[in-house]
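Enquirer: Each chain, letter by letter, is given below.
Protein chains: 4
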Amino acid sequence: MGPQVSVSDRTKHNLITRLNRIEGQVRGVSSMIERNVYCDDVLNQIAAIHAALNSVEKMILEGHLKSCIIERIRAGEYEVIDEFLVTLRKLMK
Amino acid sequence: MGPQVSVSDRTKHNLITRLNRIEGQVRGVSSMIERNVYCDDVLNQIAAIHAALNSVEKMILEGHLKSCIIERIRAGEYEVIDEFLVTLRKLMK
Amino acid sequence: MGPQVSVSDRTKHNLITRLNRIEGQVRGVSSMIERNVYCDDVLNQIAAIHAALNSVEKMILEGHLKSCIIERIRAGEYEVIDEFLVTLRKLMK
Amino acid sequence: MGPQVSVSDRTKHNLITRLNRIEGQVRGVSSMIERNVYCDDVLNQIAAIHAALNSVEKMILEGHLKSCIIERIRAGEYEVIDEFLVTLRKLMK
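Chains as they are written, first to last, in this note's numbering: chain A, 1 to 93; chain B, 1 to 93; chain C, 1 to 93; chain D, 1 to 93.
Source of the hints: derived by calculation from the structure; they are not laboratory data. Glycine included, each C-beta is placed from N, C-alpha and C at the ideal position. Just to be clear, a hint being listed does not mean it is correct.
Stated by the list, open to error - Partial selection, computed: residues in chain B whose CB lies under 8 Å from chain C:
hint, residue
1, Arg18
2, Arg21
3, Met59
4, Lys66
5, Ile70
6, Tyr78
7, Ile81
8, Glu83
9, Val86
10, Lys90
11, Leu91
What the hints assert, rightly or not - Straight-line alpha carbon distances no greater than 25 Å define the calculated DSS-like cross-link-like pairs of lysine-lysine that follow:
hint, chain 1, residue 1, chain 2, residue 2
12, D, Lys66, C, Lys90
13, A, Lys90, A, Lys58
14, A, Lys93, C, Lys12
15, A, Lys58, D, Lys58
16, A, Lys58, B, Lys12
17, A, Lys58, C, Lys66
18, A, Lys12, D, Lys66
19, B, Lys66, B, Lys90
20, C, Lys58, D, Lys66
21, A, Lys12, B, Lys58
22, D, Lys93, C, Lys90
23, C, Lys93, D, Lys93
24, A, Lys58, B, Lys93
25, B, Lys12, A, Lys90
26, C, Lys93, A, Lys90
27, B, Lys90, D, Lys90
28, D, Lys12, D, Lys90
29, D, Lys12, C, Lys90
30, B, Lys93, D, Lys90
31, B, Lys58, C, Lys12
32, A, Lys12, D, Lys12
33, D, Lys58, C, Lys90
34, C, Lys12, B, Lys66
35, D, Lys12, A, Lys58
36, B, Lys93, D, Lys93
37, B, Lys90, C, Lys90
38, C, Lys12, B, Lys12
39, D, Lys58, A, Lys66
40, A, Lys58, B, Lys66
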């Protein structure tokens with residue numbers, strides 16, 4: 001059993017709704033490619049998916065910092081910061 | 001009938017395979033949130049989705065520049081550049 | 001003699017003013033580091049430099065697309081697109 | 001007197017050397033614009049400045065997380081996380 005986030009049911013529901021919408025957007029891009037749709041529209045749709053994913057990412061980042069990071073630092077488990085830095089580098093590209 | 005991209009069947013198949021995989025990754029994040037999985041893993045998964053989406057984006061961008069942009073500039077339809085700049089601004093943030 | 005951009009004197013002046021300001025902002029970060037200033041402020045200052053650089057980048061990108069790209073495509077030098085794709089990949093990370 | 005970062009002299013020297021180099025790169029872009037240099041080269045130079053700035057940013061981010069963030073969380077000053085989230089949002093776009 002690994003550590004768990006304490007995300008409220010409300011936030012969890014909000015996140016899952018957003019992720020379902022993103023899934024639909026990705027399916028929409030597949031369908032555009034399938035139908036040889038004009039590519040400027042496809043690029044716009046991809047930009048919209050990145051933006052939607054960024055919103056989800058920020059919500060999860062906030063939850064992570066406010067729960068896991070605080071708890072583990074208080075418990076003296078400072079290696080949580082090294083793990084977080086590795087993740088942050090990936091998120092920042 | 002709007003303009004169409006001339007993407008080879010091979011590239012089209014490659015793009016759709018990648019998009020199907022991205023859809024699965026988004027579903028994976030939903031399932032992690034559902035199971036209250038440790039959030040550093042979720043953030044890593046989101047970073048992977050952004051990266052996968054970037055690969056698709058670059059392939060489509062290349063197709064767009066090498067087909068639509070060239071054809072429309074040769075036809076004197078320079079407004080294609082203004083449309084492209086708007087899209088590029090969204091893709092670059 | 002390589003190809004040249006036809007950027008208006010007004011745009012050129014605007015770009016140089018912005019770049020001078022960015023130089024000052026970078027010097028400001030050096031000075032903060034020198035004085036051991038609280039790092040959240042330094043990070044904010046760096047975010048401001050990235051944003052200022054993005055504005056300059058968008059202006060140059062627009063000039064590039066509207067002059068060099070159009071001219072070279074009209075001249076049948078389609079390799080300009082390959083060069084541009086390489087640059088774009090760097091700009092998009 | 002605000003909080004201070006405890007960055008080693010070695011890291012501080014490294015950061016200042018990098019920032020001086022970035023200042024020179026920004027001056028280089030000004031000079032390219034002044035001489036109407038071919039813009040694909042200018043865009044490449046700007047991409048290099050963003051990358052150099054990202055390296056500095058990551059070093060400062062690491063220092064911030066490993067000093068200020070840990071100390072203030074241990075002191076129960078959890079508002080440091082809210083401040084950090086605001087900064088992170090700017091750095092991530």
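Enquirer: Confirm or reject each hint.
Expert: Structure-based check of all given hints:
| no. | hint | result |
| --- | --- | --- |
| 1 | Arg18 | violated (17 Å) |
| 2 | Arg21 | violated (21 Å) |
| 3 | Met59 | violated (11 Å) |
| 4 | Lys66 | holds (6 Å) |
| 5 | Ile70 | holds (6 Å) |
| 6 | Tyr78 | holds (6 Å) |
| 7 | Ile81 | holds (5 Å) |
| 8 | Glu83 | violated (11 Å) |
| 9 | Val86 | violated (11 Å) |
| 10 | Lys90 | violated (12 Å) |
| 11 | Leu91 | holds (7 Å) |
| 12 | Lys66/D <-> Lys90/C | violated (30 Å) |
| 13 | Lys90/A <-> Lys58/A | holds (14 Å) |
| 14 | Lys93/A <-> Lys12/C | violated (31 Å) |
| 15 | Lys58/A <-> Lys58/D | holds (19 Å) |
| 16 | Lys58/A <-> Lys12/B | violated (32 Å) |
| 17 | Lys58/A <-> Lys66/C | violated (36 Å) |
| 18 | Lys12/A <-> Lys66/D | violated (30 Å) |
| 19 | Lys66/B <-> Lys90/B | holds (20 Å) |
| 20 | Lys58/C <-> Lys66/D | violated (35 Å) |
| 21 | Lys12/A <-> Lys58/B | violated (32 Å) |
| 22 | Lys93/D <-> Lys90/C | holds (17 Å) |
| 23 | Lys93/C <-> Lys93/D | holds (13 Å) |
| 24 | Lys58/A <-> Lys93/B | holds (15 Å) |
| 25 | Lys12/B <-> Lys90/A | violated (28 Å) |
| 26 | Lys93/C <-> Lys90/A | holds (12 Å) |
| 27 | Lys90/B <-> Lys90/D | holds (16 Å) |
| 28 | Lys12/D <-> Lys90/D | holds (23 Å) |
| 29 | Lys12/D <-> Lys90/C | violated (28 Å) |
| 30 | Lys93/B <-> Lys90/D | holds (12 Å) |
| 31 | Lys58/B <-> Lys12/C | violated (30 Å) |
| 32 | Lys12/A <-> Lys12/D | violated (42 Å) |
| 33 | Lys58/D <-> Lys90/C | holds (18 Å) |
| 34 | Lys12/C <-> Lys66/B | violated (30 Å) |
| 35 | Lys12/D <-> Lys58/A | violated (30 Å) |
| 36 | Lys93/B <-> Lys93/D | holds (7 Å) |
| 37 | Lys90/B <-> Lys90/C | holds (16 Å) |
| 38 | Lys12/C <-> Lys12/B | violated (42 Å) |
| 39 | Lys58/D <-> Lys66/A | holds (21 Å) |
| 40 | Lys58/A <-> Lys66/B | violated (35 Å) |
Violated hints for the displayed structure, listed by number in ascending order: 1, 2, 3, 8, 9, 10, 12, 14, 16, 17, 18, 20, 21, 25, 29, 31, 32, 34, 35, 38, 40.
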